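Enquirer: Here is how the chains run, residue by residue.
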Amino acid sequence: MNRRRSETNRSKPAAAEPRGKFSLRAWREQHLYSFFSSLGRLATRPWTTALTLAVLSLALALPLLFWLLLDNARDLSGRIEDARAISVFLKADADAAAAEQFAQRLRNIAQVGEVAIKSPAQGLEEFRSHAGFADALQVLHYNPLPALLIVSPRPAADAAAIVALAEQLRGEPLVDLVQYDLQWRQRLSAILHLAGRGAAVLAGLLALAALLVIGNTVRLDIQARAEEIAVMQLLGADDGFVRRPFLYTGLWYGMLAGVMSLMLIVTVEAILAAPFAQLTASYDHRFDVHGLSLASMLAALAASVALGWLGAFIAASRHIALGQPK
Amino acid sequence: MIRFEKVSKRYSSGHEALNELSFELGAGEMAFLTGHSGAGKSTLLKLVALLERPSRGQICVAGRNLGEVRKRGIPRVRRGIGMVFQDHRLLLDRSVFDNVALPLVLAGTPREETGKRVRAALDKVGLLRHEQAQPANLSAGEQQRVGIARAIVAKPAVLIADEPTGNLDPQLASEVMALFGEFQQVGTTVLVASHDLPLVKRMGKRVLVLDHGKLIDDFRP
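First to last, the sequence lines map onto chains H and S.
Here this note's numbering is used: the first residue of the first sequence is 480, the next is one more, and so on.
Here this note's numbering is used: the first residue of the second sequence is 31, the next is one more, and so on.
Bear in mind the hints are in silico, worked out from the structure with no lab data behind them.
Quick caveat: nothing in here was measured; it's all calculated off a predicted structure.
Some hints could be false.
[Unchecked claim] Within a straight-line C-alpha distance of at most 25 Å, the following computed DMTMM-like cross-link-like pairs (lysine to aspartate or glutamate) qualify: (1) S:K231 with S:D117; (2) H:K597 with H:E579; (3) S:K235 with S:E98; (4) S:K154 with S:E205; (5) S:K244 with S:E50; (6) H:K570 with H:E605; (7) S:K101 with H:E706; (8) S:K154 with S:E142; (9) S:K101 with S:E82; (10) S:K146 with S:D128; (11) S:K76 with H:E651; (12) S:K101 with H:D718; (13) S:K101 with H:D717; (14) H:K570 with H:E651; (15) H:K570 with H:E604; (16) S:K101 with S:D123; (17) S:K231 with S:D241; (18) S:K76 with H:E707; (19) S:K154 with S:D123; (20) S:K101 with H:E707; (21) S:K235 with S:D248; (22) S:K36 with S:E98; (23) S:K76 with H:D718; (24) S:K76 with H:D717; (25) S:K231 with S:E59; (26) S:K146 with H:E508; (27) H:K570 with H:E508.
The whole structure should be built from the sequences, with the hints applied where relevant.
Expert: Written out as structure tokens, the structure reads:
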């Protein structure tokens with residue numbers, strides 16, 4: 480090996496080639512080199528890197544988890560809004576025949592689809608089946624429950640039509656109370672909207688935090704390598720060359736933190752899966768929960784990588800320009 | 031190759047480092063820059079390498095008017111100049127080979143070509159054995175020779191050195207100076223700043239003497 484080397488030395492080196500002319504291959508080699516050497520530099524300081532990554536991945540996982548929660552809540556609320564039935568409680572003195580007659584009359588109204596009758600006896604039975612109520616009902620000597628009509632509007636009826644129908648029912652002489660949870664539904668929708676905005680703000684703030692963490696890490700890295708950078712600049716390295724390893728450092732931070740935050744979320748999903756299954760089973764699977772889709776995972780990872788690169792770019796551009804005349 | 035026309039440099043502190051300095055160094059010529067410390071030797075070299083800009087006057091290096099070089103063009107100008115520093119400025123966390131290869135990496139030289147030229151440069155300064163050594167494990171004279179190998183590996187037309195023998199004993203200093211003489215013989219324009227007047231005179235090359243930023247003598251012993 481050594482002999483071969485000294486032979487190459489004796490041969491005359493090739494003439495100088497034109498400067499500044501980068502072949503594509505050299506460009507690719509430089510990028511590949513930066514790509515892996517920046518990873519190697521992260522590995523030389525495992526604790527610092529791990530801590531930074533932990534902070535970053537938490538900052539990324541929090542808004543993702545919040546968003547996941549919100550997405551599930553939206554699904555659930557969509558299902559609730561589908562249940563559009565109006566509960567009509569009749570006056571206590573209305574007997575079964577009167578209730579039946581009234582129900583028949585309601586069925587002829589244009590907006591009404593179906594009308595189901597729950598007699599006071601059925602209502603009492605339902606109450607008994609709920610734990611805790613049975614004893615209380617023993618005390619009563621009579622059935623205090625009124626007859627209940629459950630009026631389902633036709634599928635074509637919109638919210639305004641249902642509200643108008645509820646108003647109309649309220650005016651009926653036989654009716655004691657009409658319950659239609661429009662306000663409650665509007666509130667839920669407003670709360671979900673607010674939470675959605677909150678999640679966006681939180682995500683924005685935490686993304687900013689991630690940007691600052693990466694920027695600061697890269698800034699410290701640049702300071703630690705100030706001498707190396709100065710030498711490179713003396714030898715004629717342009718800003719792009721000096722910046723490149725730091726950009727790749729940011730890229731790595733973003734990518735690793737993204738993967739870690741997704742792992743965190745998958746873990747949380749796995750931990751919560753069993754209790755959620757129990758919960759949905761107790762509701763006869765009337766709703767179900769879902770985890771992050773593959774598409775959202777990839778989007779989160781891409782956003783994380785972009786954040787890492789951007790943070791590094793800002794820090795590198797700010798600090799590398801020092802030490803060069805105008 | 032290097033031409034100064036009425037060049038003045040005043041730092042923002044108010045210190046006037048160079049005053050109406052004019053001289054010309056032809057292609058393949060070698061000259062020493064001497065004078066007391068603070069006479070403006072380092073400033074003059076910094077102007078050649080575009081580490082500083084002159085306050086007034088015009089500087090041409092390798093046919094290029096440096097006043098016309100924009101900020102983005104500075105790295106390219108520097109890649110065309112070999113620089114040797116008193117404190118060698120090697121990267122201590124990289125091997126001798128990697129240090130010397132740096133200018134070639136910056137120029138985008140293919141890898142096989144880089145290997146050949148780095149070994150040729152190390153051979154020239156007599157350090158081929160230490161190719162894989164860490165610079166910190168070398169003696170001061172060897173470190174300086176690594177610095178010289180790095181300065182010449184990309185075959186620059188101009189080689190400048192700021193007190194390259196400042197940290198070396200007389201024996202090593204003569205050897206290092208002799209190396210610069212060899213580069214001149216292969217056609218490189220060499221400008222070496224040194225306050226070691228006896229050594230400079232022994233070399234028998236052109237000598238530029240600075241005093242308080244003015245050129246007070248230009249002779250050949």
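Enquirer: Next step is simple, just say for each hint if it's right about the structure.
Expert: Evaluation of the provided hints:
no., hint, in the structure
1, S:K231 with S:D117, "23 Å, holds"
2, H:K597 with H:E579, "10 Å, holds"
3, S:K235 with S:E98, "31 Å, violated"
4, S:K154 with S:E205, "12 Å, holds"
5, S:K244 with S:E50, "7 Å, holds"
6, H:K570 with H:E605, "19 Å, holds"
7, S:K101 with H:E706, "21 Å, holds"
8, S:K154 with S:E142, "19 Å, holds"
9, S:K101 with S:E82, "11 Å, holds"
10, S:K146 with S:D128, "13 Å, holds"
11, S:K76 with H:E651, "98 Å, violated"
12, S:K101 with H:D718, "10 Å, holds"
13, S:K101 with H:D717, "10 Å, holds"
14, H:K570 with H:E651, "10 Å, holds"
15, H:K570 with H:E604, "19 Å, holds"
16, S:K101 with S:D123, "29 Å, violated"
17, S:K231 with S:D241, "18 Å, holds"
18, S:K76 with H:E707, "19 Å, holds"
19, S:K154 with S:D123, "23 Å, holds"
20, S:K101 with H:E707, "20 Å, holds"
21, S:K235 with S:D248, "11 Å, holds"
22, S:K36 with S:E98, "17 Å, holds"
23, S:K76 with H:D718, "19 Å, holds"
24, S:K76 with H:D717, "18 Å, holds"
25, S:K231 with S:E59, "16 Å, holds"
26, S:K146 with H:E508, "18 Å, holds"
27, H:K570 with H:E508, "86 Å, violated"
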